[in-house]
Amino acid sequence: MADLKFPSPHEAERIAGTEGWERMYPYHYQFSTDDPLRKKYEEGMFWFYDGLHYPEPMYPFDMIWDEAWFLALSQYNTRIFIVPPALGIDHRIHNGYIYITPLPVANPEDIPKRAELFMKRAGYYYQNWDRLHDQWEEKMRSIIKKLADLEIPVPPEMEDESVVTEGLGVSTGYKLLKAYDELIDLGILAWQYHFEFLNLGYAAYVIFVDFCTKAFPDIPLQKITQMVGGIDVIIYQPDEELKKLAKLAIDLGVDETVMTGGSADSVLKEMEGSDKGKKWLEAFNAARDPWFYVSTGTGWYHHDACWNDDLDIPVSAMRIYVEKLRKGENIERPTAKVREERDRLITEYRALLKTDEDRQTYDQLLGTAKTVFPYVENHLFYVEHWFHSLFWNKMREVARIMVEHKFINDVEDVWYMKRSEIKEALWDLVTGWATGSNSRGPLVWPKEIAWRKQCMEKFRKWTPPDAMGTVPETISEPFTIVLWGITSASMAQWARLKSIASGDLTKMIGFPGSPGIVEGTVRVCRTVKEIGELQEGEILVAPTTSPSWAPAFQKIKAAVTDVGGVMCHAAIVCREYGLPAVVGTGSATSMLKTGQRIKLDGSTGEIDILS
Amino acid sequence: MDISKYVLLFEECDLSMIQKVGGKCASLGELMKARIPVPPGFAITTAAYELFLDENGLTQEVAARLKNLDESRVDEINQASSEIRASIEAGTISERLEDIIAEQYRSLAKRARTPAAPVAVRSSATAEDLPDASFAGQQDTFLWVRGVDDLFDKIRKCWSSLFTARAISYRTKMGFDHSKVLLSVAVQKMVRSFTAGVMFTLNPSTGDAATVVIDSNWGYGESVVSGEVTPDQFQVNKITMEVVKKTVSDKAIYYTTDPETDEVKKLEVETERRTSQSLLDAEIIELAKMAKLIEKHYGKPMDIEWATEKSLPYKGEVFILQSRPETVWSQKEVKPVMEPKKSAIEHIVAGLIAGKKVR
Chain A
0 MADLKFPSPH
10 EAERIAGTEG
20 WERMYPYHYQ
30 FSTDDPLRKK
40 YEEGMFWFYD
50 GLHYPEPMYP
60 FDMIWDEAWF
70 LALSQYNTRI
80 FIVPPALGID
90 HRIHNGYIYI
100 TPLPVANPED
110 IPKRAELFMK
120 RAGYYYQNWD
130 RLHDQWEEKM
140 RSIIKKLADL
150 EIPVPPEMED
160 ESVVTEGLGV
170 STGYKLLKAY
180 DELIDLGILA
190 WQYHFEFLNL
200 GYAAYVIFVD
210 FCTKAFPDIP
220 LQKITQMVGG
230 IDVIIYQPDE
240 ELKKLAKLAI
250 DLGVDETVMT
260 GGSADSVLKE
270 MEGSDKGKKW
280 LEAFNAARDP
290 WFYVSTGTGW
300 YHHDACWNDD
310 LDIPVSAMRI
320 YVEKLRKGEN
330 IERPTAKVRE
340 ERDRLITEYR
350 ALLKTDEDRQ
360 TYDQLLGTAK
370 TVFPYVENHL
380 FYVEHWFHSL
390 FWNKMREVAR
400 IMVEHKFIND
410 VEDVWYMKRS
420 EIKEALWDLV
430 TGWATGSNSR
440 GPLVWPKEIA
450 WRKQCMEKFR
460 KWTPPDAMGT
470 VPETISEPFT
480 IVLWGITSAS
490 MAQWARLKSI
500 ASGDLTKMIG
510 FPGSPGIVEG
520 TVRVCRTVKE
530 IGELQEGEIL
540 VAPTTSPSWA
550 PAFQKIKAAV
560 TDVGGVMCHA
570 AIVCREYGLP
580 AVVGTGSATS
590 MLKTGQRIKL
600 DGSTGEIDIL
610 S
Chain B
0 MDISKYVLLF
10 EECDLSMIQK
20 VGGKCASLGE
30 LMKARIPVPP
40 GFAITTAAYE
50 LFLDENGLTQ
60 EVAARLKNLD
70 ESRVDEINQA
80 SSEIRASIEA
90 GTISERLEDI
100 IAEQYRSLAK
110 RARTPAAPVA
120 VRSSATAEDL
130 PDASFAGQQD
140 TFLWVRGVDD
150 LFDKIRKCWS
160 SLFTARAISY
170 RTKMGFDHSK
180 VLLSVAVQKM
190 VRSFTAGVMF
200 TLNPSTGDAA
210 TVVIDSNWGY
220 GESVVSGEVT
230 PDQFQVNKIT
240 MEVVKKTVSD
250 KAIYYTTDPE
260 TDEVKKLEVE
270 TERRTSQSLL
280 DAEIIELAKM
290 AKLIEKHYGK
300 PMDIEWATEK
310 SLPYKGEVFI
320 LQSRPETVWS
330 QKEVKPVMEP
340 KKSAIEHIVA
350 GLIAGKKVR
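Those protein sequence lines, which keep their order, are chains A and B. If you're matching positions, the first sequence starts at 0 in numbering that gives the first Met the number 0 and goes up one per residue. If you're matching positions, the second sequence starts at 0 in numbering that gives the first Met the number 0 and goes up one per residue.
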């Protein structure tokens with residue numbers, strides 16, 4: 000692997016017409032050459048493009064989650080749990096794309112001392128996992144409630160009389176600034192909690208993977224994941240709710256309304272017209288909080304709408320289930336089979352171990368991996384789906400006030416501003432409001448946002464290099480290993496992908512997500528709204544999938560995604576349903592066309608394009 | 000008379016009977032007990048061999064001829080060998096023994112639904128005195144034997160193979176009693192191999208015990224065993240029974256039976272078949288299932304010879320021809336995969352410190 004060369008981050012391509020793009024992002028995210036030490040550091044590190052989280056360039060506001068996890072992940076490694084050989088993960092941005100690098104502990108002599116601290120601190124978490132995890136859920140629920148209850152006050156023409164009669168002593172202008180601060184604080188806090196368990200979870204998982212691949216050099220990663228994967232994982236719950244609602248509609252005899260009622264709005268209205276319909280509606284509304292906060296994307300971008308934002312999505316997905324139930328088909332998750340298969344894998348692999356020592360190690364590591372894994376799977380619903388979905392909409396309330404005061408032309412323009420710029424703009428807004436003078440914002444922001452939009456368009460057309468800088472000997476940071484799967488094999492694959500992209504396309508390669516070989520017709524669905532077009536037995540090709548895509552998996556015979564590793568939603572669900580999947584292909588949605596025939600091998604990650 | 004003293008169906012043999020039916024028949028019997036499809040056949044017991052020697056007055060003659068042999072005199076040993084072998088091959092199989100064997104053969108032919116069914120006749124040595132079991136039987140596998148006369152002829156040839164010069168010299172040198180070394184003969188229905196090869200119940204290149212590796216070529220397994228072709232290779236996960244890797248090679252030659260002469264010959268593989276997959280996916284899975292059963296039955300990694308026979312172009316039948324313990328990985332020193340530790344967290348720390356090599 001010595002010949003693996005990546006460009007220096009300081010020589011990365013710059014795009015004409017985007018000069019000055021750096022001001023859209025935090026200043027410390029820039030690769031820079033003015034200081035020789037920083038320049039040398041940046042050249043010596045291995046920066047890889049975080050395509051797993053960011054398939055598209057960053058919106059200035061959406062940077063909030065990147066900054067949040069930059070801080071949160073790193074602090075747990077470096078300052079809280081003291082991961083012996085690994086510090087945090089450093090971040091940079093180039094042409095709107097995020098590059099990250101794991102930092103090793105510089106002085107090897109520090110490692111034993113760090114190991115001692117880690118044993119004590121992380122050990123405490125592993126030993127008290129269940130109790131701390133319950134506590135975590137309480138904390139999360141409490142900040143989600145705070146977020147939901149957070150009022151974004153609209154500055155009125157005149158304050159209400161109660162401000163005087165109750166002696167409140169503050170104005171709505173002040174309250175708006177405060178509400179915005181609170182909103183941002185809650186967001187950062189959610190991400191502090193997000194990483195409380197995650198790295199420990201990954202560390203326990205990585206060592207189990209390590210043991211299994213040493214004992215069984217041929218073992219596919221999918222099998223290891225299957226051994227520790229949860230069965231009653233809450234990411235399945237939104238889909239379960241849809242199934243329950245579909246069943247209930249049939250039981251109550253209101254399924255015809257679901258099927259032919261047109262848009263979600265009119266379905267719900269029609270339901271109100273009958274007692275049975277009302278009963279169904281009650282169940283529907285109960286399911287909405289929290290399960291319909293499931294995002295239709297990864298939740299990382301403001302444009303990832305949730306079901307509650309667009310009820311047509313769950314209603315049309317529900318129709319797939321009603322249809323199946325009417326035909327007498329079974330729509331239950333094959334949980335018994337999944338559980339049986341998991342137990343069989345565990346017992347049979349264990350039986351193949353050669354020594355008692357190995358069986359002891361296997362039991363220890365499997366036990367810990369199983370304890371931590373539900374968190375690894377479940378935290379996504381709490382943070383990325385439930386919290387984020389509420390959060391984006393609260394931000395839209397702030398944006399609406401800015402539109403009203405002509406700071407921006409459209410609510411959706413707010414994402415082109417950094418959160419610190421929004422704070423400044425809100426000061427401009429409330430002082431203008433308080434004073435009765437004209438704010439400067441309307442003269443500044445619409446023009447700036449128009450310029451930023453065209454920059455982002457250019458970023459979108461540019462292909463970020465997979466990596467920059469220098470490849471290290473080893474990587475010890477658990478996230479880097481689990482999430483991005485950075486190994487010599489994956490880097491060789493990046494090189495291969497590039498050579499394929501430039502030639503005639505007859506083959507594509509991604510990560511093996513779920514085993515099995517299948518041939519079939521492609522259906523490209525760019526958003527979850529398009530899953531209604533899926534025909535029985537087609538191969539779904541999507542940018543990525545999330546729990547709200549679940550009904551699609553009832554119809555398809557395989558899935559291909561642009562983004563994701565062995566732990567992504569599509570891979571997990573396909574393994575559960577026994578469908579082959581190739582994930583993280585990088586570009587399947589742009590390279591493949593609906594109607595094409597492909598053959599895919601979910602064990603090797605290879606896709607043959609047949610027509 | 001109890002015929003089971005002289006002949007036993009394979010399914011009646013097991014590892015406790017090596018003295019009576021030899022290693023090969025015992026092992027085939029074990030496979031059948033594990034419900035593995037083995038081409039049907041029967042063992043001619045060591046008692047039949049002893050009876051044959053007695054009835055022809057050869058017991059004394061052989062003992063006398065081998066007495067006071069000088070193992071360093073190659074010509075002397077050669078001379079003794081060819082005299083003894085000639086006597087055995089010219090011996091008469093008594094009528095009652097003939098009847099018993101012929102009856103077994105006919106019922107085998109009936110099972111195979113072929114009159115004068117072609118069979119393979121092989122020696123099944125009891126020879127614990129020989130360092131490798133294949134040694135005694137090296138020269139005496141007779142394929143495509145048809146009809147009782149031919150059968151008796153080949154049985155005598157098998158018996159006489161106990162007295163090859165090499166075998167005599169070895170026993171003399173080791174001080175073994177020639178009269179204590181007995182031989183059984185296996186008579187087995189021929190499999191007209193469509194494809195054949197070997198398989199291991201572990202991955203011979205990685206040692207992964209959860210993988211079955213199957214090497215396969217068209218025709219008889221000889222081309223695979225001898226290394227004359229690069230066979231197709233299939234890897235199957237033993238636990239999930241998924242084919243995890245397929246390597247289809249360019250297979251230049253194969254061994255098959257000339258339909259006219261019933262003789263085995265080497266041919267070039269027709270162009271269109273050279274790079275085609277030589278086993279169907281369903282056959283791969285079936286073989287892997289058998290490998291798993293065989294390994295379970297013996298309680299150790301095994302090395303297995305197999306073949307498929309096609310009675311119809313789209314339908315194959317899979318057979319196991321032979322199995323023996325795997326020797327390479329099984330003889331490696333067994334060490335724990337990871338240094339054992341008191342708790343998971345100690346493993347986690349050690350793992351974190353070691354990190355992952357990326358180049």
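Just so you know, these hints were derived from the structure itself, not from any lab. Only a predicted model underlies this, so the values are computations on that prediction, with no experimental measurement involved. Some clues are possibly wrong.
Straight line, CA to CA, 30 angstroms or less: simulated DSSO-like cross-link-like pairs of lysine-lysine [said to hold, decoys possible]: (1) B/K288 <-> A/K598; (2) A/K353 <-> B/K299; (3) B/K341 <-> A/K213; (4) A/K592 <-> A/K457; (5) B/K245 <-> B/K179; (6) B/K156 <-> A/K369; (7) B/K340 <-> A/K119; (8) A/K177 <-> A/K457; (9) B/K334 <-> A/K369; (10) B/K299 <-> B/K334; (11) B/K331 <-> A/K556; (12) A/K592 <-> B/K331.
Hints, one by one, checked against the model:
1. Restraint check for B/K288 and A/K598: the C-alpha separation of about 26 angstroms stays at or below 30 angstroms, so the hint holds.
2. For a cut-off of 30 angstroms, the pair hint linking A/K353 to B/K299 stands: about 11 angstroms separates their Cα positions.
3. Taken as a hint, the B/K341 and A/K213 pair is honoured in the structure, with Cα atoms around 19 angstroms apart against an allowance of 30 angstroms.
4. The suggested pairing of A/K592 with A/K457 holds, with an alpha-carbon distance near 24 angstroms, which does not exceed 30 angstroms.
5. The straight-line distance between the Cα atoms of B/K245 and B/K179 is roughly 49 angstroms, outside the 30 angstroms bound, and the hint therefore fails.
6. Simply put, B/K156 and A/K369 have alpha-carbon atoms about 64 angstroms apart, too far for the 30 angstroms limit, and the pair is violated.
7. A threshold of 30 angstroms between alpha carbons decides the hint, and for B/K340 with A/K119 the separation of about 16 angstroms falls inside it, so the pair holds.
8. Proposed proximity of A/K177 and A/K457 is contradicted: the alpha carbons are some 36 angstroms apart, above 30 angstroms.
9. Between the alpha carbons of B/K334 and A/K369 the distance comes to roughly 26 angstroms, so the proposed pair stays at or under 30 angstroms and holds.
10. The straight-line distance between the Cα atoms of B/K299 and B/K334 is roughly 17 angstroms, inside the 30 angstroms bound, and the hint therefore holds.
11. A distance of roughly 44 angstroms separates the Cα atoms of B/K331 and A/K556; the hinted pair therefore is violated under the 30 angstroms criterion.
12. For a cut-off of 30 angstroms, the pair hint linking A/K592 to B/K331 is broken: about 52 angstroms separates their Cα positions.
Checked against the numbered hints above, the structure breaks hints 5, 6, 8, 11, 12 and satisfies the rest.
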